[in-house]
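Chemist: Below, each chain spelled out in residue letters.
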Amino acid sequence: MKTRKATVLIATAVALTLGATACNDSKDDKSGSKPGKSAADAALTQIVNKSDKKGGTATYAMSDVPDSLDPGNTYYGWVQNFSRLYGRTLTTFKPAAGKDGLTVVPDLAESLGKPSADAKTWTYTLKKGLKFEDGTPITSKDVKYAVERSNFAPEALSNGPTYFKSHLIGGDKYEGPYKNKDPKGIESIETPDDTTIVFKLKDAFADFDYLATFSQTAPVPRDKDKGATYVQHIVSSGPYKFESYEEGKSATLVRNPQWDAKTDPNRPALPDKISIRFKVNAVTVDNDLLADNLTVDAAGTGVSPQTQPKVITNPKYKAQTDGSYAGATSYIGLNVNVAPFDNIHCRKAVQWGIDKASIQAAAGGAPKGDVASTLLPPSVNGYAKFNLYETPGDKGDEAKAKDELKQCGQPNGFSTSLTARSDRPSEMAMATAVQASLKKLNINAEIKSFPAGKYFQNFAGNPQYVHDHKLGMIMTAWGADWPTGFGFLDQIINGAAIKPSGGNNVQELNDPAINKALNDAIANTDKTAREKAWGDIDKMVAENASAVPLIYRKNLLFRPTSATNVTVTQAYLGMYDYLLMGSSK
Amino acid sequence: MSDLNKTGAAVGEPVAERPADAGEAFLSVRDLRIHFNTDDGLVKSVDGVSFDIKPGQTLGIVGESGSGKSVTSLGVMGLHRSANAKISGEVWLDGEELIGADPDHVRRLRGRKMAMIFQDPLSAMHPYYTVGAQIVEAYRVHNEVSKKVARTRAIEMLDRVGIPEPGKRVDAYPHEFSGGMRQRAMIAMALVNNPELLIADEPTTALDVTVQAQILDLIRDLQKEFGSAVIMITHDLGVVAEMADDLLVMYGGRCIERGPAEKVFYEPQHPYTWGLLGSMPRIDREETDRLIPVKGSPPSLINVPSGCAFNPRCPYADLPKDNVTRTVRPELKQWDDAEGHFSACHMSQEERTRIWTEEIAPKL
Amino acid sequence: MAAYIIRRAFGAVVLLLIVSAVTFAIYFLVPRLAGQTMDQLAAQYVGKDANAGAIAAVKKNLGFDQPLYEQYWHFIKQIFVGATYKFGPDASVCNAPCFGYSFKNHVEVWPQLTERIPVTFSLAIGAAVIWLISGVAIGVVSALKRGSFMDRFFMAIALAGVSLPIFFTGMLGQGLFTVQWPIWNGVHYVNFTDNPADWAWNLLIPWCSLAFLYSALYARLTRAGMLETMGEDYIRTARAKGLRERTVIGRHGLRAALTPIVTIFGMDFGLLIGGAVITEQVFSFPGLGFYAVDGVRNNDLPVVMGVTLVAAFFIVLCNLLVDLVYAAIDPRVRLS
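Chains as they are written, first to last, in this note's numbering: chain D, 1 to 585; chain C, 1 to 364; chain H, 1 to 336.
Derived by calculation from the structure, the hints in this document are not laboratory data.
Heads up, some of the hints might be wrong.
When the alpha-carbon atoms are kept at most 30 Å apart in a straight line, the in silico DSS-like pairs for lysine-lysine are as follows [as the list claims (entries may be wrong)]:
(1) D/K181 with H/K86
(2) D/K94 with D/K318
(3) H/K77 with D/K179
(4) D/K184 with H/K48
(5) D/K454 with H/K60
(6) D/K224 with H/K48
(7) H/K48 with D/K470
(8) D/K179 with H/K86
(9) H/K60 with D/K224
(10) D/K226 with H/K77
(11) D/K499 with H/K48
(12) D/K173 with H/K48
(13) C/K86 with H/K145
(14) D/K131 with D/K53
Whenever a hint applies, use it, and build me the whole structure from the sequences.
Modeler: Below you can see the structure in the form of structure tokens.
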């Protein structure tokens, strides 16, 4: 009897659903939006489903949570991209397809920063008519305060990077706006009037316009700042404001009427509403994308491994994918202070002998990345294409490698250790492939794995540990905080980045020539010359042979048919540009 | 009692008419067979039992556990529900045959025309309901009355069976009663609809001796008052000694002796009955002299011994000639001198009389 | 009765204290045994850019610079009297019951817990209703038709149900009804107060997935219980009274057979309220279980403590309720 009731219930439910589906169908017919014809990888070079039609709801979801949606408390690439919807920054990246997307353009500022001749003083002038969502005008002091709170208050906002802190004069002394209540704030940021802001740096820093793109320059009104809980009541300066925010679950953005499109050529602001859900099961996110229930996976790192085969093998789905560069390179650091890699010929033996094709296959094949020959990935400003160790089919050149081994004094090969992060399956798989491909040269690499959480701090990046345990080969991967050669290279090849407490220069490369080249280039305000320098420096590292680039990492992004104005932005780790994106739903 | 000495119809034969020999009996059972299919084989729990009871009379059914006495009574009540139970024969209650009747019709008779008292009132009453509620339920299922009326009736019945403060105890739970009180309550529940047949299945076994007597007195009193026929099932001849009008002794699913109580008591015709009498406690006997138990254990109901089922335990099994006790099953035969006194034994009547008078009776 | 409840409540408080102390010790003492310093513990809550200054600031702000007993005392005290924290320009007051702030994102734990309890409760209550009704019904039918085709069929399904983990049935259900046959447009938690119909509609698949597992279990339990009770003497008595079979089964058989079910149900439900971890993960429902997993993953002590205490509280509460209900069902049980 009770089961019969249950049957009735289910039957009713099914009937209701069919009804609901029918309604949806008719709505779709009316809207009459035609799915854009597009091929795989179309959004890498153009805007797919191009649209200037306003309206609809864009639905974002992701399997993780953001570190914070507070523009002043985040390090996540996708939040940098996403937060531009509600937080305007001094400068930002041009919302455009292809290489164009790497261009820095003014946002709050009238123009890009005006550097002093020594590139140590940067001045920005704010546009007129900028307002917060409550109608109060945005002033340079709000920008200054945002930088102060985001860089100098780690007791409350510890997630974000601290580049401003390390470059500003007196950055190591200032205690931050929460401890030091003096409204004057840090002296090295000057706000002579409400529209001017001047940053005074202790070193020359020609990439400062890139720092100004950081969400940390999105203005925050001092009297609305609640520290760690500001995230629950973010005051918008962009085209959208928060209608709701549920910690760890979801947020909804609606149009901000105080935003003036005339001050903002960068944001088409297509959807009327943007909703984002966190902690949605990864496979569910993928399924919802395929079923066109979602507009985009906010994380922007591509479909999950379970979904990948389904997407690649189905031609219909395949046409909706974009294999974008994630802005990161996987490579092996050969530690120049661990024998026998203190000898350049032993390093070169590895460079020549390694079978990169097999490593690419181990990492998941072409969808996961292209074989790399440089440290800088192609999606970074300053990337220059070259290959000093070119071998047929990237399979390695045994003869050349053996020749180098002889010159190194190790004609019969040698034994060493190869480290990898135990909780990163693809890195472990790559390490195994590296090990196999070196066997042919009689180089016996013993794999040692460590947890990712402490990898650089305690193990592979800690010189003492590395020397004590003779860790010659260190698997690692690196992506830049901003897409220039300096942003990418400084932390991994500059001698200054070797830290006793653990750092990312795992090769312990400390070549005065390279250090100087880096420092000279970053002081150079000539953009063209600067960008050329990055490629040259990359080549110097290749000549030094202490880093073996393996693959340029790629994401397999999926764009549902309802997503409009879709393009990959190289500025944000190869995810879709959220400023442009709209939805036909 | 009339002649019941027929061995009965074949299993499953349709029954149409009330047996002619049933006379004025309120309940007539004819050749009742209750067999159970089990994984080990066919268990013949009851294998051809017949008897009659007149209104107001008491029949005692006596036997060891496993002799089929309880199964017989449940068969009369129509309480064998298992699909594995095969029931045949006839049960006539007040002119109606029950074995072939509509089960729902039989259900309506249960509790109203025939009621039953069980052995262990603690397990036989539902632990979660008050005594009153259980009596009320028994009453209302056969009488369309309000709960209030039924409750009054329950209190009245509790009072009648001798429960002090019935108005209070009606709301008590079975576990709050003493053993004797519980059995009284059980009797109250059984009699609440004035049944014309009351089956008491070992009603006093779980009780101590003084309470036993009270309960038996109570049943006897109530029987007089209500005029019901009573079947008293027991393994203890002492229990039925004073109450029963007729006695039926069962062994291995069959009746081995049946007759008027005084006959069976004073001139028992079966060695098994002798054994039962021997194990009967008597106050006028010395401790050492009494209690001659029946040696051995009850027979398997799947592989009943061939010939006389009692033969493995019978001290006289070798007396009849040609090993007949082990090959031929003895018929239930009327003893020549006594009207309605039957027994199933291969020994000659002379031998039995001699053994009884010379060997058994003096020891009792 | 009142004395009994008071005594049980006191026991519960002691239990919760022990649970909290153990959780606290696991968090602080185990890493210490593994040779971790307080600085390293604090470094977990600093972002990617964990420089020494930031670590020191975080360490101080989280109170890691104080002795352990001081920290524990502070944690317990704040539950009753609240506390003041400083995660911004102004001190923020955390009113009692205060479970502190997340180490990871400085969000107050108690409002998060109260926000998530309804999610888990919604999940548990619906599933419980479904599994109780279907499980008991199937169990009764199977017991009464023991050995029949229906019995074998149901019991085979029940075996499957008991054997199949929720992440399988949940994923399968979700895959079938949101992708293969998209009857559901994705499954998301909707607050009951926002839209009861949407609430139930979105919960239907999770309910059924969860209920499938449990109803299988309950069907088997009910069947075994019914088989046992239907052989009891009082069932024979009930039949001897001339009661209809329906009454015999329902009022006499099932009533007694349900008693152990109530006990197990109480415990299952308590555990489920403490966090339907896997179900919430599969369906991305922001309930307690989800919160617990996050807390553990982030090594977020206040979150773990909060969830543990709430879960323990519900388990203790459900056990107490079971005992009370048990006493109500079975008059032989005396609470003392």
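Chemist: Hints first: check each against the structure and report whether it holds.
Modeler: For each hint, the structure was consulted:
| no. | hint | result |
| --- | --- | --- |
| 1 | D/K181 with H/K86 | 14 Å, holds |
| 2 | D/K94 with D/K318 | 28 Å, holds |
| 3 | H/K77 with D/K179 | 26 Å, holds |
| 4 | D/K184 with H/K48 | 29 Å, holds |
| 5 | D/K454 with H/K60 | 22 Å, holds |
| 6 | D/K224 with H/K48 | 26 Å, holds |
| 7 | H/K48 with D/K470 | 27 Å, holds |
| 8 | D/K179 with H/K86 | 10 Å, holds |
| 9 | H/K60 with D/K224 | 25 Å, holds |
| 10 | D/K226 with H/K77 | 25 Å, holds |
| 11 | D/K499 with H/K48 | 15 Å, holds |
| 12 | D/K173 with H/K48 | 21 Å, holds |
| 13 | C/K86 with H/K145 | 18 Å, holds |
| 14 | D/K131 with D/K53 | 25 Å, holds |
Against the hints set out earlier in the document, no violation occurs for any number.
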